[in-house]
Amino acid sequence: MAQANKNFPSLESSSKLKNVGNFETFDINSFIKDKSFAIERVTVDEHINFDVRIIEDNTEYKDASDKGVNKDKIIKLIIHESIADQVNIVNIIGRGIEFDGVENDDAYVYGVNSLQVTVKNLNIKPNVVEGFEQRSSVTKVDRRLSKIGEFKTFDYDKFLQEHEMEILTIYPQTPNTARLIGIITKDNHTENEDKSNVGKTFSVKIEMPKVRDIPVELLIGNKTFNRENLKGQLYGMVIKNNQVLLIADAFELEANGDKHIVGTLDDSTSSNNENNIPTAKEKGNVINNDVKSNDKPMENKVETPVDKPSSKFNKKNKFKH
1 MAQANKNFPS LESSSKLKNV GNFETFDINS FIKDKSFAIE RVTVDEHINF DVRIIEDNTE
61 YKDASDKGVN KDKIIKLIIH ESIADQVNIV NIIGRGIEFD GVENDDAYVY GVNSLQVTVK
121 NLNIKPNVVE GFEQRSSVTK VDRRLSKIGE FKTFDYDKFL QEHEMEILTI YPQTPNTARL
181 IGIITKDNHT ENEDKSNVGK TFSVKIEMPK VRDIPVELLI GNKTFNRENL KGQLYGMVIK
241 NNQVLLIADA FELEANGDKH IVGTLDDSTS SNNENNIPTA KEKGNVINND VKSNDKPMEN
301 KVETPVDKPS SKFNKKNKFK H
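Residue numbering for the sequence shown follows the UniProt record's numbering, beginning at 1 and increasing consecutively.
Everything labelled a hint here was simulated from the structure, so no lab data went into it. Treat the hints with care, since some could be wrong.
[Stated by the list, open to error] Below, computed lysine-lysine pairings styled on DSS-like, alpha-carbon distance capped at 27 angstroms:
(1) K140 x K16
(2) K158 x K71
(3) K33 x K6
(4) K120 x K18
(5) K186 x K125
(6) K210 x K18
(7) K140 x K67
(8) K16 x K6
(9) K259 x K147
(10) K158 x K16
(11) K73 x K16
(12) K76 x K16
(13) K240 x K205
(14) K73 x K18
(15) K195 x K223
(16) K195 x K35
(17) K71 x K6
(18) K140 x K76
(19) K16 x K259
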C-alpha cells in the first residue's frame with residue numbers, strides 16, 4: 001500500500017514533480033517542416049558540423065503572427081559518421097541544404113534554446129542561394145531560437161516505465177470527466193531521495209458518458225497500475241509547477257477477480273495502438289505530431305546505406321570530393 005510522503009503533505013506539494021525535463025522530447029520534424037536552410041559555416045572536429053541558416057520559415061506556430069519568427073536563425077547539423085566520407089565540404093557555403101529521416105532522439109536542445117541535429121540523410125543543392133552573404137561570425141544570439149517550447153512533447157511511455165505507481169483515488173471532475181490521481185511508489189531512475197519522485201502524484205483525465213458509473217472498487221484506491229492499464233489514445237503534458245497531466249480514452253483494471261473500466265473502451269481503443277496518436281489540433285497539445293512525410297524525392301541525396309556498416313569519419317579523406 002502506498003504511503004504518503006511527509007515531505008509532500010498536500011496534493012499541491014505532491015504534484016510538483018522533479019526532473020520532468022527528462023521526459024520531454026523535441027519534435028524535430030514539426031520544427032523543420034516548411035523551413036528552408038542554407039549552409040553558413042563548416043567545421044570539422046571528430047565530426048563534420050554544418051551551421052545552417054534558416055532562410056525561410058513558413059512553419060505553423062500556435063499564433064499566426066509568429067510566422068517567420070526563426071528566419072535567419074542558426075541551427076547546427078552534425079553529420080553522422082556513417083555518411084561522413086560521402087559528404088562534400090568544399091565550396092558549399094551558401095548552398096541550400098535539405099535533410100530528412102530524423103527522429104526526436106536525433107535532436108538536442110542546449111544552452112538557451114539552441115538546437116543541434118544529427119543527420120544521416122541530406123542533400124546539398126548545387127547552387128548558392130540568391131543573395132546569400134556569409135556572416136563574419138555566429139553568436140549565441142544567432143542560435144537562440146524562438147517559440148521552441150511549442151515543439152516540446154511529453155514522453156508518457158518513458159514516464160510510466162520509469163515509475164511504479166498506485167491509484168490514490170479516482171473522482172468525478174465534471175459530469176463527464178473522471179480524474180485519476182496516481183501516486184508514485186518507486187522511482188526506477190534514481191534512489192536519491194532529493195531527486196526521486198516517490199510520494200509525488202500525477203493526474204490522468206478520462207472522459208466518460210457518466211461519472212456516476214465509476215466503479216466503487218476503484219474509488220478505494222491503493223491498487224497498482226502501469227502503462228498497460230491506460231487504453232486507447234494517450235498523450236501527456238507538463239503544466240504549471242511541473243505537474244504532469246495524462247489524458248486517456250479509458251482505464252481498465254482487474255481487481256478481486258472482476259474487470260473494472262473507467263471511460264469508453266471499444267474495439268478502437270482496447271489495444272494501445274501506438275500508431276493511434278492524436279494530433280495537437282485534435283487534442284490541444286503543444287504541437288502538431290501529425291507530420292506529413294515529404295513524398296518528393298531529394299536529388300543527390302546522401303543516405304545511410306542499408307547493408308554497409310558505419311565507419312568513423314576519416315579526416316584524411318575529407319577533401320576527396
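| said: Of the numbered hints stated earlier in the document, which are not met by this structure? | reply: Hints 1, 2, 3, 4, 5, 6, 9, 11, 12, 14, 16, 17, 19 contradicted; others consistent.
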